[in-house]
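Just so you know, the sequences run in chain order A and B. Residue 618 is where the first sequence starts when you use our numbering, and the numbers rise one by one after that. Residue -18 is where the second sequence starts when you use our numbering, and the numbers rise one by one after that.
Keep in mind the hints are simulated off the structure, nothing from the lab. Fair warning: this is a prediction, and the values are worked out from it, not measured in the lab. A few of these clues could be false.
[What the hints assert, rightly or not] The calculated label-pair distances, taken between Cβ atoms and stated as ranges, are:
no.	chain 1	residue 1	chain 2	residue 2	range
1	B	K(-2)	A	F681	26 to 36 Å
2	B	P(-11)	A	Q625	27 to 37 Å
3	A	A688	B	Y(-1)	42 to 52 Å
4	A	P657	B	P(-11)	12 to 22 Å
5	A	K687	B	G(-3)	23 to 33 Å
6	A	D643	B	P42	28 to 38 Å
7	B	S(-10)	A	Q619	24 to 34 Å
8	A	E678	B	G(-16)	13 to 23 Å
9	B	G(-16)	A	E634	41 to 51 Å
Cβ atoms here follow ideal geometry from the backbone N, Cα and C, with glycine treated the same way.
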Amino acid sequence: AQTVTQSQPEMSVQEAETVTLSCTYDTSESDYYLFWYKQPPSRQMILVIRQEAYKQQNATENRFSVNFQKAAKSFSLKISDSQLGDAAMYFCAYRRRTGANSKLTFGKGITLSVRP
Amino acid sequence: GAGVSQTPSNKVTEKGKYVELRCDPISGHTALYWYRQSLGQGPEFLIYFQGTGAADDSGLPNDRFFAVRPEGSVSTLKIQRTERGDSAVYLCASSSTSGAGEQFFGPGTRLTVL
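Given only the sequences and the hints, what does the whole structure look like? Please build it.
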């Protein structure tokens, strides 16, 4: 079975600074997707960024980028130029690639606060 | 609206009662998922539909939980003889079968069992 571990329950960052959220996972499969989701107090899960395991290049989306280390099974999220609106819970998630669709396996999440 | 919708937004019930939670996916999305999120935890998978059939129901915790999707669109999650431990946010997501199959989530239903 696949597992996703987020060991930091909380983090805080100063507005305009950079923060890195950590995630490790365990799987015996070689082809899969990794995701970071943001969940504000409204409960709506929002996809932040996606990484395909077969791609060596790290994904980037504007201020968000990942450091994907496949051999180490590590998948961290870097948020640059942090904004007040970035404050939320962030979840790392895994999904196997084989098959048309499959379930997401989530970590426990990390609460990010942004100090003005 | 173009997103996934869920009703009700909040549901309070008494222990032992029956509840139904509804999910309306994005139009045209053939895959539909239910997850349960307990306080302070990440969402946990319950069941996945491909069209009208349950393709994977391995996450349903016991036989008090049941879900249907009779016409391949709207889905209903049904919980019988509710227990206090069923209190959680129930999230629904839908996806198409193309590309990476990104799952789009609804706002969830917060279920409180007294």
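We went through each hint and held it up to the structure:
{"no.": "1", "hint": "B:K(-2) - A:F681: 26 to 36 Å", "result": "violated (43 Å)"}
{"no.": "2", "hint": "B:P(-11) - A:Q625: 27 to 37 Å", "result": "holds (34 Å)"}
{"no.": "3", "hint": "A:A688 - B:Y(-1): 42 to 52 Å", "result": "holds (49 Å)"}
{"no.": "4", "hint": "A:P657 - B:P(-11): 12 to 22 Å", "result": "holds (20 Å)"}
{"no.": "5", "hint": "A:K687 - B:G(-3): 23 to 33 Å", "result": "violated (49 Å)"}
{"no.": "6", "hint": "A:D643 - B:P42: 28 to 38 Å", "result": "violated (23 Å)"}
{"no.": "7", "hint": "B:S(-10) - A:Q619: 24 to 34 Å", "result": "holds (31 Å)"}
{"no.": "8", "hint": "A:E678 - B:G(-16): 13 to 23 Å", "result": "holds (20 Å)"}
{"no.": "9", "hint": "B:G(-16) - A:E634: 41 to 51 Å", "result": "violated (32 Å)"}
Violated hints, in rising order: 1, 5, 6, 9; the structure is consistent with all others.
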